[in-house]
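Visitor: Protein chains in written order, with numbering that gives the first Met the number 0: chain A, 0 to 261; chain B, 0 to 385.
By construction, these hints were calculated from the structure, which means they are not laboratory data.
Treat each hint with caution, since some may be false.
Some, not all, of what chain B presents toward chain A, calculated at C-beta under 8 Å [to be verified]:
hint : residue
1    : Gln32
2    : Gly36
3    : Ser43
4    : Leu106
5    : Thr120
6    : Gly122
Note that CB positions come from ideal geometry on N, CA and C, so glycine has one too.
The residues making up each chain are set out below.
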Amino acid sequence: MENSRRSFLKLAGISAIGLGTKPVLDAFASSEAHGEKHGPEIFPNQEALTAKRWAMVIDTRKFESEADLDPIIEACNKIHNVPKFKEKRHEIDWIWVDEFKHVFTDLEHEFVDDRLKHLPFLVLCNHCENPACVRACPTKATFQREDGIVLMDFHRCIGCRFCMAACPYGSRSFNFRDPRPFIKEENKAFPTRMKGVVEKCNFCAERLAVGKMPACVEASNGAIVVGDLHDPDSEVRELLKNNYTIRRKTHLGAGPAIYYIV
Amino acid sequence: MLELAFKGGKKYWGLIIGLLVLMGIAFGFWLWQLSFGLGITGMSRDVSWGFYIAQFTFLVGVAAGGVMVVLPYYLHDYKAFGRITILGEFLAIAAVIMCLMFIIADLGQPMRAINVIFYPTPGSILFWDMIVLNGYLLLNIIVGWNVLEAERNNIKYPGWVKALAIFSIVWAPLIHTVTAYLYCGLPGRGFWLTAILAPRFLASAFAAGPALLILLSLIIRRVTKFDPGREQIQSLAKIVTYAIIINVFFFLCEVFVVFYSRIPSHMDHIKYLFVGLHGHSALVPWMWTSILFMVTSIILLVIPATRKNEAVLAFACVILFIGTWIDKGMGMISGGFVPNPLHHVVEYVPTIPELIITLGIWATGFFILTILFKIAVTVKEEVSGV
Ligand code: SF4
Ligand code: SF4
Chain A
0 MENSRRSFLK LAGISAIGLG TKPVLDAFAS SEAHGEKHGP EIFPNQEALT AKRWAMVIDT
60 RKFESEADLD PIIEACNKIH NVPKFKEKRH EIDWIWVDEF KHVFTDLEHE FVDDRLKHLP
120 FLVLCNHCEN PACVRACPTK ATFQREDGIV LMDFHRCIGC RFCMAACPYG SRSFNFRDPR
180 PFIKEENKAF PTRMKGVVEK CNFCAERLAV GKMPACVEAS NGAIVVGDLH DPDSEVRELL
240 KNNYTIRRKT HLGAGPAIYY IV
Chain B
0 MLELAFKGGK KYWGLIIGLL VLMGIAFGFW LWQLSFGLGI TGMSRDVSWG FYIAQFTFLV
60 GVAAGGVMVV LPYYLHDYKA FGRITILGEF LAIAAVIMCL MFIIADLGQP MRAINVIFYP
120 TPGSILFWDM IVLNGYLLLN IIVGWNVLEA ERNNIKYPGW VKALAIFSIV WAPLIHTVTA
180 YLYCGLPGRG FWLTAILAPR FLASAFAAGP ALLILLSLII RRVTKFDPGR EQIQSLAKIV
240 TYAIIINVFF FLCEVFVVFY SRIPSHMDHI KYLFVGLHGH SALVPWMWTS ILFMVTSIIL
300 LVIPATRKNE AVLAFACVIL FIGTWIDKGM GMISGGFVPN PLHHVVEYVP TIPELIITLG
360 IWATGFFILT ILFKIAVTVK EEVSGV
């Protein structure tokens, strides 16, 4: 408890520096200029990356083997303090790999081509348009932002795991025990979690907020691209226009925001 | 009336102390779970609900099943059940308390449970489940207690109690319907994604709940001077018969739809449970035992000669109870998680600490039930002057 509070404060402090300093000055400046008094206002960080609807395109043609994917997964794990357990049962995954037949259960068939059959695919939270996890959560600890990113409030989550049953993609993990002793190298800029709460990929919301691309994107040598689905000129739209893409379990109507070029 | 719980014979105290010991041991294990986390259980990110939630589901059924003695009395003026409605109500109280305890045991952060009220989220079925369960508990406490108090004082219970009793009759199916909705509205879990789930839950509830009541009635007759009555037991037996037949029928409907349509995401779970999937078959013997027990109980209950024989009836009720318990308390929850959304077969087996905590909660339920039944039976003995 102590620990998580501290990390949370740390994060809050950092975001305050990122989000706060300049806008606070702006607020002062503007109130002086107009000569009227008003309460504190919150302005978004000017550097923040924003979108109407975030989406990700993964170009699987640029990957050959798991060795290409490991650095990407490592980058995410490191930045987000994802623990590594010996016990399979306690495993926590934000982004991981699986085979075509497991990732695209409804597209799989016996004669799928050799490349796809053996290619490892990245899997992560789909930041669904209609997220079943958000619907299920009884405390709004899991919620969807206006830009489509599905986030978790680790301090509100009661650990009922209804969201895990609801997610049709198996994207969520639960802290079956205190994760902290199992974090190789703690990133002080991101909160560690405590036992008994659920977690998952957060689309690097904390990085977008300070103008950085998600960690996986940075580590992917251009194979992963994120951008605004509602902006016809965005890079993701460009990729979607020119390539055939697939998404996971589209028949469920969840509207996954992760697109795969195969 | 509570003082009645403190006067009892050796056997009564033996039972009470035995249950307290079990509760104490389980409490110790629960403290361990609190400090270590749910990692002491067999659950994983693939099978994220296990034994606790399964017991919860089964016991919601038992609680709802109690209504089957209350309903005929209040709605059909079936006088014979007047003697035993209190048993149904008190059983419901004990069962709902067990349900709530299982939920708490299953939470990763039980101290934060109150967040469900701080941040009410009507879109979440869990929110409604909390309301219907606590509401049902309250209704049964109020109605049960007042009816018994009135009986003790030799007066008729006030009209508002009857109104609440009727309200609780409507409420009872709700608790199990809402509990079924927890599961059947989830996309991507083919095993639960079926409209028959809530009706199936209700049918098995109306079989298991009254079957337990029959057994409890038989025990009460043996160990106390109060006889719940032969006619009452036989009427309950008929209710149980219809309910268990409907339960099996609903299950067969599901099997037909699933296997005739041959949609893998629906088929694979039932395959896993009954024949095993990709070499994993931990639950197969259990599931067939469940079917065998349910079918045998149907045969014994349908034939009037065997149903009317109380020894055979008791046997039928025992295997029916075990059969429905395996069906819901073991198969229903892990069955929905295996295979997982990525179609991996990751099996779940409860751990010893998990089983002990489970046993402790059952013991708590029986502790509450023993005390409540003791009070009820003593009042009955008092008024009949034996
Ligand atoms: S993939 Fe799962 S966890 Fe992610 S938004 Fe969709 S339902 Fe929620
Ligand atoms: S485990 Fe946490 S995030 Fe998931 S549904 Fe429960 S309260 Fe919400």
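Visitor: Against each hint, give a clear statement of whether it holds in the structure.
Guide: So, going through the hints one by one against the coordinates:
1. Gln32: Violated - the Cβ of Gln32 (chain B) stays beyond 8 Å from chain A, reaching only about 10 Å at its closest.
2. Gly36: Given a least distance of 4 Å, the restraint on Gly36 (chain B) holds.
3. Ser43: The hint holds - Ser43 (chain B) has a Cβ within 8 Å of chain A, the shortest such distance being about 4 Å.
4. Leu106: 5 Å, holds
5. Thr120: This hint holds: Thr120 (chain B) lies near chain A, its Cβ roughly 5 Å from the closest one there, short of 8 Å.
6. Gly122: The hint holds - Gly122 (chain B) has a Cβ within 8 Å of chain A, the shortest such distance being about 6 Å.
Comparing the model with each earlier hint shows a violation of hint 1 alone; every other hint is respected.
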